[in-house]
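**Q** Listed below, chain by chain, are the residues.
Protein chains: 2
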Amino acid sequence: MLGTGASAFVPKIPGAELEGVFTLKNLNDAIRIKTFIRNRGCRKAIVVGAGFIGMEMSEALRTLGIETLVIDLLPRPAARWDPEFSKAILEELSRQNITFSGNTRMESIERGKDYRLRLNADKGVIEADMILIAVGIRPNVKLANDLGLQIGKTGAIHVDFSQCTSKEGIYAVGDCCEVYHHISKSWVYIPLGDVANKQGRVAGHNIGGRPMILQGVVGAQSFKLFTLEVAATGLDESEASDCGYHPVSAIIWGNAIARSMPGEKKLGIKMVADRATGNLLGAQAVGAMGAVSRINTLSCALWAGMGLDEIAYLDFAYAPPVGPAWDPIHIAAQELIRKL
Amino acid sequence: MLGTGASAFVPKIPGAELEGVFTLKNLNDAIRIKTFIRNRGCRKAIVVGAGFIGMEMSEALRTLGIETLVIDLLPRPAARWDPEFSKAILEELSRQNITFSGNTRMESIERGKDYRLRLNADKGVIEADMILIAVGIRPNVKLANDLGLQIGKTGAIHVDFSQCTSKEGIYAVGDCCEVYHHISKSWVYIPLGDVANKQGRVAGHNIGGRPMILQGVVGAQSFKLFTLEVAATGLDESEASDCGYHPVSAIIWGNAIARSMPGEKKLGIKMVADRATGNLLGAQAVGAMGAVSRINTLSCALWAGMGLDEIAYLDFAYAPPVGPAWDPIHIAAQELIRKL
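Residue numbers (the working numbering), protein chains in the order written: chain A, 918 to 1257; chain B, 918 to 1257.
Worth flagging that the hints you see were computed from the coordinates, not collected in a lab.
One thing to keep in mind: the hints can contain errors.
In this list, chains with the same sequence are indistinguishable; a pair is considered to hold if it fits within one copy or across any two.
DSSO-like mimics (lysine-lysine), calculated; alpha carbons at most 30 Å apart, straight line [what the hints assert, rightly or not]:
1) 1102 / 1183
2) 1183 / 942
3) 1183 / 1059
4) 1030 / 1070
5) 1182 / 951
This is chain A alone, in the form it adopts within the complex (with noise of 0.2 Å):
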């Protein structure tokens, strides 16, 4: 059984192996970075790629008080959400004094002059005493391939429902290998910790002569990022179309909780339907409470393959510390019939 996991992705820029750069994959890298802050000092760092590591690392950095800079190729922190829950993200940043530059290439990293490192991007130089390189991963294959395994179009290795490889008798399981996508009918690399967690249960169950199939995914992720939830689950519009759907979408926002509770309840749900049958094909929100919560239901109701006009009326235990009578989810569904 494979279980080969993934490496940081690092492009071949000069200065990459500086002192002081880091990328974060494994527990290591976590002793190393920890340890180079504590022994060297940091007063400012630089994360390189705004996805769920770069996000998550940005909060853990500003949080020990250093001077903290987000960069990325595309316009928006956590792209694959919607750029209005992005601007969600963006206020979420500046409120922690995080500055983060869009639409910025990295090209080179030298010694420092005011501070240990020196970035240098197309928008221009930024001088930090640490850089972390955030931008994805890679499925680990070399095995794979030396065994003559057949890789999926993905990159990453192709297993069957059972997590067998093209071999019979070889398993793969977690980072390394593909997933099926239960939405775009389609395997796809979606490395997450609770989707390797499944596909061991399942290869085990198999190696060990107890017949058991891993039915798939539905894509649900999801980031905190201080007091924000970030989440969603099954395809945006773009994975949609590309699948021969028709998404139409609509965006709501709406109260975690009853209106009448206090604390920061303001919740943004975004739902995304196939325009020929109703069905829901995925989701995102984003807010201070119960996003993950919606999402987590949304997910459930994907894999059930459950129409809007169904969503729009389930019945939730609703009180009104844990939720409004009309739930977002309500909200948003009963919007999104209005534009089918």
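Given the coordinates of chain A, work out where chain B should sit on it, guided by the hints.
**A** Okay, now just chain B, sitting in the frame of chain A:
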């Protein structure tokens, strides 16, 4: 369209009409209680009934610094929940210095000596400045009876999927009427605010000439008790047996978020499934966080008629601060699969 609501039930006991004895069903009741406490003072209160209203009001009274005692005919508070979860509720009451006396029948109320009122119970005598009777509500069906409308077995007005009563052109919604239960496949009386909202919208559509039906509910419900979320959905074992299902259940204690994160995160989930089909029939949850969110997701699973094999591997938006890699939902479903 009848929206005659429900009234608080008051047992026919001597002294129920005395000043300082209250029920809580509407805004006027709430104003009366607040005015009484403000103008007359209240050192000690007795809450009769340990259901939703009794639990929520015991928190409200205690938060005002009032010594609070809850009594109930049944041995446990919130007795619809499993005894193991009632224990968690009892612990929370005790932590908040609220006394609970189970198996206690109120027999009469009279003027008190040290306090304004005296409650005579089968177990003894208790004095207090205020008594709140919260032993349930009854649908207001007088007008419906006068109109000759069919009343259901539950005592509430019979309606169809369009919210139409037994007489064409007469509709009913809210706490005065029944609702269809998707799991028991029967018409039940679940007078909750979110259900009333849905019924109102469906009746309005039909009255306005735009056909619409309410497909039903799954029995989702919750309340908050200080820091504890208490929620349930679907059927419990006895309700399931009454329907001819073959209930088997499991209780597990997991964590609402990853074990490595700070905070009180212990979460109990009970699942009930049908041994014949492996399908989920109901669930309960109790915890400082995440109980309602799990019950909402499971309400969606119930609506979709999902089996435990699917629920045990549902794809959620995993990230350590918002949920563990194996969610308590997965763990409970897997535990229950072993018992099928």
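**Q** Now look at each hint and say whether the structure bears it out.
**A** Results of checking the hints against the structure:
| no. | hint | in the structure |
| --- | --- | --- |
| 1 | 1102 / 1183 | neither (34 Å within a copy, 36 Å between copies) |
| 2 | 1183 / 942 | between (33 Å within a copy, 29 Å between copies) |
| 3 | 1183 / 1059 | neither (47 Å within a copy, 42 Å between copies) |
| 4 | 1030 / 1070 | neither (44 Å within a copy, 83 Å between copies) |
| 5 | 1182 / 951 | between (34 Å within a copy, 27 Å between copies) |
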